[in-house]
Every structure is written in structure tokens, then in C-alpha cells.
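Asks: Chains C and H supply the protein sequences, listed in that same order. Per the numbering used here, the very first residue in the first sequence carries number 1; after that it's consecutive. Per the numbering used here, the very first residue in the second sequence carries number 1; after that it's consecutive.
Calculated directly from the structure, the hints in this document are not laboratory data. Accuracy of the hints is not assured; some may be wrong.
[Stated by the list, open to error] The list that follows gives simulated cross-link-like pairs (lysine-lysine, DSBU-like), each with its CA atoms no further than 30 angstroms apart:
| no. | chain 1 | residue 1 | chain 2 | residue 2 |
| --- | --- | --- | --- | --- |
| 1 | H | Lys260 | C | Lys33 |
| 2 | C | Lys78 | C | Lys90 |
| 3 | C | Lys75 | H | Lys259 |
| 4 | H | Lys170 | C | Lys78 |
| 5 | C | Lys209 | C | Lys90 |
| 6 | C | Lys79 | H | Lys170 |
| 7 | H | Lys267 | C | Lys150 |
| 8 | C | Lys150 | C | Lys33 |
| 9 | C | Lys150 | H | Lys260 |
| 10 | C | Lys119 | C | Lys90 |
| 11 | C | Lys209 | C | Lys119 |
| 12 | C | Lys119 | C | Lys33 |
| 13 | C | Lys79 | C | Lys90 |
| 14 | C | Lys90 | C | Lys75 |
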Amino acid sequence: MQNTRVNAHAMPAKQDGTILTLQEVTLRYDNVKVLDNINFSLNAGQILTIIGPNGAGKSSLIKTAIGLISPQAGKVIKKPGLRIGYMPQKISINAQLPLTTRRFLSLNSRKADFSDAVKRLDITCLLDTPIQGLSGGEMQRVLLARALMKQPELLVLDEPAQGVDVVGQAELYHLLGELRDELHCGVLLVSHDLHIVMAQTDHVLCLNKHICCHGEPESVSQHPEYLHLFDPKAADDIAVYTHDHDHSHDMHGDIVKGSKQSCSHP
Amino acid sequence: MLIPDFLLYALLSALAIAITAGPLGAFVVWQRLAYFGDTLSHGALLGVAFGLFAGINITLAIVICCLLMATALLILMRNPNQGHDAMLGLLSHTALAAGLVSISLSGTSVDIFAYLFGDLLTTTAQDAWLILGISLGIIILLVIFWQPMLLCVIDQNLAKAEGIPTTLMKALLLFCIAIMVAFAMRIVGVLLITALLIIPASSSRLLSRTPEMMAFLAAIIGCIAVLGGMASSYWYDTPAGPSIVLFSSALFLLAFSAKKIIDYTSKRR
């Protein structure tokens, strides 16, 4: 845990086999270094979370990992024929394109059987909505559903918790854990919030253009590099407001049926 | 009533172009490529000059110039973060000006107006067959690659992550538009080609719920505009190209009003 650079061997190689390896990857945009000598690998059934401040190159890293961007130096090695489900941070669709959620999900897939994914993410009621009319959180779930339809061996999510409240995030991460167990897929996700990611993740990679530190969630949160990056002073300024609701919300923010509810509206 | 041959050929070519312009126009609207259409059509004028100077077939010269222009645009589009509208303007208007200057320098008595505003009624049988063949080819390509192209419209990264060759799709689309523009030049002229692409597509957007319907309706609306414009040109002796464009604008107004009325009544219910 003391190295600031990780090499491919540093991670425990499970029996499952590696599905993705990055070797000494360096990426520049117009001569500005965005990623510097990145090494890591991901096994099937493993959840790897990338954390880091704004502009740390998190999105660039996963775009490089799945081949959307070619790095100037280094190698990205994927298992041959790897099926990737990718959930981008956000997509903006031209308002001039008449497209329902249903059509978006069935687009360019042969079988177009999205009933499982739709049920799982609870988006049945959104199927006939124009895709441009979805809220941020709804769009995220639709994108995740599309990623799931491919039965991915590698699930890549760019800030999946964005625009979802804390309870929704917990639910989302719970779902990711379930999916990992069911599909036995590798999960690569980006987050800027270490605290909530922790429970489900196997490995955390703290990024600020280079890999600052990495390891099991608990060890990373103690690591001086991490503490330095997420300024402890800032942490002091943000207190966690603990309070108990007597009802619970689902990912929509709707109140879950059957949960106690004291604030009944007339 | 018998249709004179020249009118029949003109009508066939114009309808074929209108049908092709339907789905291509939908893509132009979705991808905000209107300015690209202008640039391509100005490239077509440069093609005329090139054909006159080189002494080769003018149609061939136009096609070559449009494809070259499309390649230049493709290179320009490779970096989506760079503001390239100024570069586009430079390319577009340089092509237009260079075309006009070199045509006048060539000394041949060429009717520039025929190129700027179209000269539909001089279409020959050979032209008509060529345009029909080209249009059919473009439509077949669009049908084959419709789904992946649509996914590219929705999100480049998503499409690429799902294994679609996005650059190839973009090139295919731009080259199809370039060829359509090269042949549409005779119908409505350099200055109005973009109108043929975007006005029917914008009208059909108002009435469509799916991308396919939008493309299909745009083709239908384009055909109605062609029929109307050519009828007006035949009976009132108005210039054919501009008449077709005016008709499609009128259809847009009609679709717009219809949409407003439908929305209003469904709200009151």
C-alpha cells in the first residue's frame, strides 16, 4: 500500500482470470498530461472503484480502458471478445429526434429482450416516455438497463450515483453487487464519493492523473495520499447529517409501499 | 393528358432526389449538419468550375468535388471540442467565391443562374436514370445501416462502446449527403439544396413519433413539394427550384399549425 505506483502484479490475481489490464498507460490532450503511467488489472467478478477529485482524469481513464480513446503510450489489454456494458456519465440527445425509451432500448440489438433489465431497474413506467423527457436519475437507470441487456462480462459505469440521492445510491450499489454475483462480471466504476462506494467495492483506486494509492477500501481511506487529496479540512466542514426517516424511498424518490409513514397528507 | 418527355424526366429526377433527401435530411437535422450541407453545395459549384477547366464531364467533376469537400469536413469533425464553425464558414464561402470567379474566368458562356438556382427542366433521360440509380443506392445503404447510424446520432461514445465503427458510419453518412447534393444541384441549385434537406425533415418532425416515421414523412412531404413546385413552374412559369422550396416551406407552416391545433385540442379534452 505504500507504493504510489501500482504494478499489474500488485493486485491479487484470482482464479477467475483477468479480463482487463492497463499497462503504463499515458494519455495527453494537446500535450497536457491527463493520465500518467497507469497500471491496473481487473478480474471477473471484481468491483473496482476509481475515485479522485474533479479533473483527475477519471472519465478519461475508463474511456481509455474500453477503447473510446487511444492512449499515446502504454497498452490496454482486453480479454478477446469481451462483452462490455458501458454507462456514460450523461448523454444529451437532440430534441429533434423522436425517440421513446422503449425504442432506445431496442435499438441495434438483435434480440431486444429488455424485460428483465427493465423490471430490475424499475423503469417500466418510462418505456413510452420520449427519451429527452427523462430526468437525470431516470436516464441513468435507462442507460444502465441498456448496458445490462448485453449480458456484459465487464460493466463500466461513469459516475452512476450522479443525480441520485443517498438512499437511491445505496440501492444502486446494492444492485451492482447483485449483478456482479449473478453475471460474474467485472465492474469498473467512477465515483467522487468514497464513503458510499465502500461497502460493495473490492478494490479502490485513488486517481489524480497518476494513481495516488490503491487497495482495499478501508486501507485507502487511511492512506495519507488519499487524506491529502480529499483535504481533511474540507471533511471537517461537511458534517454528515444523520437522521432517521420513518419511511423509505426507492430510486425514484417515491415512498416505498409498506414502509411506515407518519407524515400523512390530507 | 400526356406529359411532355422533358417534364417527365424532370419530375422523376426531382421525386427521386426528394425521397433521398427525406432520410438524409432527418440525419442532417439530428446531427445539426445544416451548415455542412451548405458547404457541400458550395463545393458543388467549385466542381462546375473544375469540370469546365479540366474539360471533363461536369457531373463527374461535381461529384468529385463534393466528395473531396466531405472528406475535408470529416477531418474537421474529428475534434468535436474545437469550435469549427468559423473554419466551416471559411471553407464554404471560399468554395462559393472560387466557383463563381473561375466559372466567369473560364470564358465559356455558362449560365451561372442555372447552377445557383437549378435548371430542372433541361434534365435528359440519361440524367433521370442516373439520378434514379444513385438515389436507390443511397436508400439501400441507409436501410442497411439505419440502426447503427441512429445509435451514432444518439451518442458517439455509447455507439463506439457497443462496437459500432462510428467513424465509418459518419463517413458513410457524409458521403451519401455529398453525392445527393451533387445530383440535387440540377434540381434546386446550389443556394437552395440545404432547404431541400432540412425543411421537409423539420416539418415531419412535428408529426412523427419515431425516427423511421420522421424519415418516411420527410420523403413524402418532399415529394408533395416537388409536385406542387413543378405544377406552379409549368402553369405560371415560375423558376422550378425556388418554387419547390417555397412549397415545402408552406407545408412546414401547415404542419406547424396542425401540430398546434392538435396540441391545443388534446389539452382541452
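Asks: Decide if the proposed pair is consistent with the structure: Lys119 of chain C and Lys33 of chain C, CA atoms, cutoff 30 angstroms inclusive.
Replies: 42 angstroms, violated
Asks: Does the alpha-carbon distance linking Lys150 of chain C and Lys260 of chain H stay inside the 30 angstroms limit?
Replies: 40 angstroms, violated
Asks: Assess, step by step, whether the Cα of Lys75 of chain C is no farther than 30 angstroms from the Cα of Lys259 of chain H, and give holds or violated.
Replies: 54 angstroms, violated
Asks: Next pair to validate is Lys209 of chain C with Lys119 of chain C; report whether the Cα-Cα distance is within 30 angstroms.
Replies: 38 angstroms, violated
Asks: For a C-alpha distance cap of 30 angstroms, please report whether Lys260 of chain H and Lys33 of chain C respect it.
Replies: It is violated: about 52 angstroms lies between the C-alpha atoms, which goes past 30 angstroms.
Asks: Is it true that the CA of Lys150 of chain C sits at most 30 angstroms from the CA of Lys33 of chain C?
Replies: 34 angstroms, violated
Asks: Taking only the CA atoms, is the gap from Lys90 of chain C to Lys75 of chain C under or equal to 30 angstroms?
Replies: Given that 30 angstroms is the threshold and the Cα spacing comes to 27 angstroms, the pair holds.
Asks: Under the criterion that the straight-line Cα-Cα distance not exceed 30 angstroms, is the pair Lys119 of chain C, Lys90 of chain C satisfied?
Replies: 22 angstroms, holds
Asks: Below or equal to 30 angstroms on CA atoms is what counts here, so check Lys79 of chain C against Lys90 of chain C.
Replies: 27 angstroms, holds
Asks: Taken at face value, is the distance from the CA of Lys90 of chain C to the CA of Lys78 of chain C at most 30 angstroms?
Replies: Given that 30 angstroms is the threshold and the Cα spacing comes to 25 angstroms, the pair holds.
Asks: Run the distance test for Lys267 of chain H versus Lys150 of chain C: straight-line Cα separation, threshold 30 angstroms.
Replies: With Cα atoms ~40 angstroms apart, Lys267 of chain H and Lys150 of chain C exceed 30 angstroms; violated.
Asks: Just to be careful, I want the Cα atoms of Lys79 of chain C and Lys170 of chain H compared with a cutoff of 30 angstroms; is the pair within it?
Replies: 28 angstroms, holds
Checked against the numbered hints above, the structure breaks hints 1, 3, 7, 8, 9, 11 and 12 and satisfies the rest.
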